[in-house]
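Student: So you can see what is in the structure, the chains are spelled out below.
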Amino acid sequence: MGKIVIDPITRIEGHLKVEAVVDGGEVKEAKCSGMLFRGFEKILEGRDPRDAQIITQRICGVCNHCHTTAAALNLDSAFGISDKIPDNGRIMRNLTMGFHQVQDHILHFYHLAALDYVDVTKVATYKGKDRTLDSIKAFISRGELAPFVPRYEGDYRFSPEVDQELVLHYVQALEMRRKGHEAVAILGGKVPHACAVTPGGATEIPTVDKIATLLWRAKELRAFVEDVYVPDVIKVAETYGDYFEIGKGCGRFLSYGVFDLDGKNPNYTNRTRLFKQGSTSVELQHQLLDLKQINEWVKHSWYEEDTSGCHPYDEDTKPLPNKVGGYSWIKAPRYNGEVYEVGPLARIAVSYAAGDPAIKEMVDSLLSHFKASPNVLFSVLGRHAARALCALHIAKNLERWVLELRPGEPAFIDYTIPEEGTGVGIVDAARGALGHWVVIRDKKIAKYQCVVPTTWNASPMDDMGNHGPIEQALIGTKVRDEENPFEIVRIVRSFDPCIACAVHLLNHKGRELGKYIVA
Amino acid sequence: MSSVKEIPAVWIAGGTCGGCSVSVLNAVVPSIKNVLIDELVPGRHISLKFHTNISAGSGDPVIKVIENVGEKNENEFLLIVEGAVSTAEEGIFCSVGEKNHSPVAIRQWVVDLGKKAMAVIALGTCSAFGGIPGGRPNPSRVRAVMDIFKEEKIKTPLINIPGCPPHPDWFIGTVAKILIMGLPKAEELDDWLRPKEFYGTLIHENCPRRPYFDEGKFAKKFGDPGCLYELGCKGPITYADCPLRQWNNGVNWCIRAGMGCQGCTQPEFPDLLGSFYEKLTDVDVPKIGEYWTRREG
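First to last, the sequence lines map onto chains A and B. With this note's numbering applied, the first sequence covers 1467 to 1985. With this note's numbering applied, the second sequence covers 99 to 395.
By construction, these hints were calculated from the structure, which means they are not laboratory data. Errors might be hidden in some of the hints.
[Said to hold, decoys possible] Quick list of in silico lysine-lysine cross-link-like pairs, DSBU-like style, CA-CA up to 30 Å:
{"#": "1", "chain 1": "A", "residue 1": "K1508", "chain 2": "A", "residue 2": "K1909"}
{"#": "2", "chain 1": "B", "residue 1": "K318", "chain 2": "A", "residue 2": "K1944"}
{"#": "3", "chain 1": "A", "residue 1": "K1595", "chain 2": "B", "residue 2": "K103"}
{"#": "4", "chain 1": "A", "residue 1": "K1909", "chain 2": "B", "residue 2": "K283"}
{"#": "5", "chain 1": "B", "residue 1": "K319", "chain 2": "A", "residue 2": "K1550"}
{"#": "6", "chain 1": "B", "residue 1": "K283", "chain 2": "B", "residue 2": "K315"}
{"#": "7", "chain 1": "B", "residue 1": "K248", "chain 2": "A", "residue 2": "K1550"}
{"#": "8", "chain 1": "A", "residue 1": "K1593", "chain 2": "B", "residue 2": "K315"}
{"#": "9", "chain 1": "A", "residue 1": "K1913", "chain 2": "A", "residue 2": "K1508"}
{"#": "10", "chain 1": "B", "residue 1": "K319", "chain 2": "B", "residue 2": "K377"}
{"#": "11", "chain 1": "A", "residue 1": "K1508", "chain 2": "B", "residue 2": "K162"}
{"#": "12", "chain 1": "B", "residue 1": "K170", "chain 2": "B", "residue 2": "K315"}
{"#": "13", "chain 1": "A", "residue 1": "K1603", "chain 2": "B", "residue 2": "K170"}
{"#": "14", "chain 1": "B", "residue 1": "K248", "chain 2": "A", "residue 2": "K1508"}
{"#": "15", "chain 1": "B", "residue 1": "K315", "chain 2": "A", "residue 2": "K1588"}
{"#": "16", "chain 1": "A", "residue 1": "K1909", "chain 2": "B", "residue 2": "K318"}
{"#": "17", "chain 1": "B", "residue 1": "K319", "chain 2": "A", "residue 2": "K1469"}
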């Protein structure tokens, strides 16, 4: 029996280690460990509640705008103004979040995931006249191939021509995602870490010049998603079709929904959103979202267990390093006591199950291309396809939202910070369900909890002994070559993990180096 | 043989959100592709040996690459440190890779590689000063790279490029300068080791809302015209060229978007500046320019 330890897993956000026990060419056991701790919740305690938006976005430089949005919703709710945000503010939040997510999905597919499938070195034989490809050919001929080599070898399947085209798209995608970020900055000030989405709405005032440039930026992004990104995902799926069978996961999906289409309903769990709130199994039967069903379990995490299974408002975080049976600093959030996957696949599955016509049409047309049933979605390729469809669906709505902005009208409503109060802000981040919870006392933050997408997906076993979603997706996978475990990194990256987000807790005591390695 | 000189670079991440990397990805001209693939300046190519978000490889093979650069390219490679250096509990809060089945703490990497590098760029406020993870109560006891260097008596030239995140131009400009003109001279850096060409003036000195400040016209709520001083702007004590350079291809920047400066290039970020929404104490302004003199005196 062999153990594969991959540390660091690159081309994700943050410090992640994966261990897989392989027997007879099959993964029998899998464990994920986050390798960075900063202690954001502790840093937030005692601060002005308004600062939570500026500080929590810095949990993650990739997902920053999702934290900004969740924090703003959370503080709106704590300040009693969640139904009073001016439409301009609501729409600007949708636009900044929308442009952010589209560029983030492009970034993930091309710059984080694609090198698992695309062989950059095949540009060496390029014979055409394209200057970009020529410059990459020159780069290869100089012989210093970092950062594209070393890499796993032995399973790059595209012809040189297709590889060359995809490498060109890799470079074009760098420019497209930059332009997406610029669109976020037009309303958000700057990005990463946009400052202009705040509790109360947004500080920027929409003007006609901003509307005009955003409109054309939305068109450009949409064209790239429609003409390049979605077709490239299909190309990968056609050539690596076995990955429709690999990495199924836990088969239960949770989405908080995202993009508020109505700001007048103070209840985030059922206000009208572009992507729907709720949960579903692979049977695609929609269930309404109930935040009371969220609990976090710690039997296999290095924490004391007296509040294991409690809701984020009620739980304590008391570290217990080297606890017997513990193997992760990530807690195990569960919904209804069950393991749930979050992310673009969950977002698509829940909206599909809820009967959203636009989502159904997109998904059904993709499935008919592959002459497949919805079951193939629950796989490595299904996650990539769902991510591309999310980008497409958002990109199709951006132009409409831009035109809904009202120049010169307010985007912000003033508020007073309550002496005491609680808040919740939920939103589907690019990587899935993101929740912020706050307790305010004496106008200061008494407690702040974030339950983030990768905490769901990269969670360890819970108290009932159920593995987390990524672990479940790994277990049972056939690994053809233990020296080049493509299957493992392709499965892990299909979840688009973000470890800076997942591990933001702290411990008080040391633990011995290496103790957590479970052979 | 190629006549292009390869400048090896290792980009290592400590206690970071990854935002510095994403910001550098937003470089416009030269683009990030120009920086990594092409000759950034004629005859010089940055060979990025390792970057956690970009590198194709994972696990031990890439760890060997990092070690090899340290051994084979002593005094020839550029080390870029993104993120703060966690020091609590023997640095276990943040590790990259394993040696002999034990995680290697970021502090160890910074010391081992820092000693051998031609120069070190501490990129971002976390790396330069501690930043957000160093905010009270600093749960993972993060330190700045310069503090670790002081402690370990490492003499390698160090340049701080703070900002949360730093502007891509600040980073690429600094790298290009090293390639064209060599390492910056001591007098080209300020007391916090920041290149003066980017961090030489206060936000307040170049702020387009400055006339409002001088006339005492202050915004009372967000969206109002006027100076953002009373809404918490830290521009009067923050050194950076954001008002002139602007952000994300020049489309906007914090104050233009109606939010106060958050002081993100400063060693005081985020604690000593108070709430981002609270007015600075009046004693610090409007004696612009004298602020640091008094603090240091």
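Student: Give a verdict on every hint.
Tutor: A quick look at each hint next to the structure:
| no. | hint | result |
| --- | --- | --- |
| 1 | K1508/A with K1909/A | 17 Å, holds |
| 2 | K318/B with K1944/A | 63 Å, violated |
| 3 | K1595/A with K103/B | 25 Å, holds |
| 4 | K1909/A with K283/B | 48 Å, violated |
| 5 | K319/B with K1550/A | 16 Å, holds |
| 6 | K283/B with K315/B | 42 Å, violated |
| 7 | K248/B with K1550/A | 52 Å, violated |
| 8 | K1593/A with K315/B | 63 Å, violated |
| 9 | K1913/A with K1508/A | 8 Å, holds |
| 10 | K319/B with K377/B | 13 Å, holds |
| 11 | K1508/A with K162/B | 36 Å, violated |
| 12 | K170/B with K315/B | 60 Å, violated |
| 13 | K1603/A with K170/B | 26 Å, holds |
| 14 | K248/B with K1508/A | 28 Å, holds |
| 15 | K315/B with K1588/A | 62 Å, violated |
| 16 | K1909/A with K318/B | 20 Å, holds |
| 17 | K319/B with K1469/A | 59 Å, violated |
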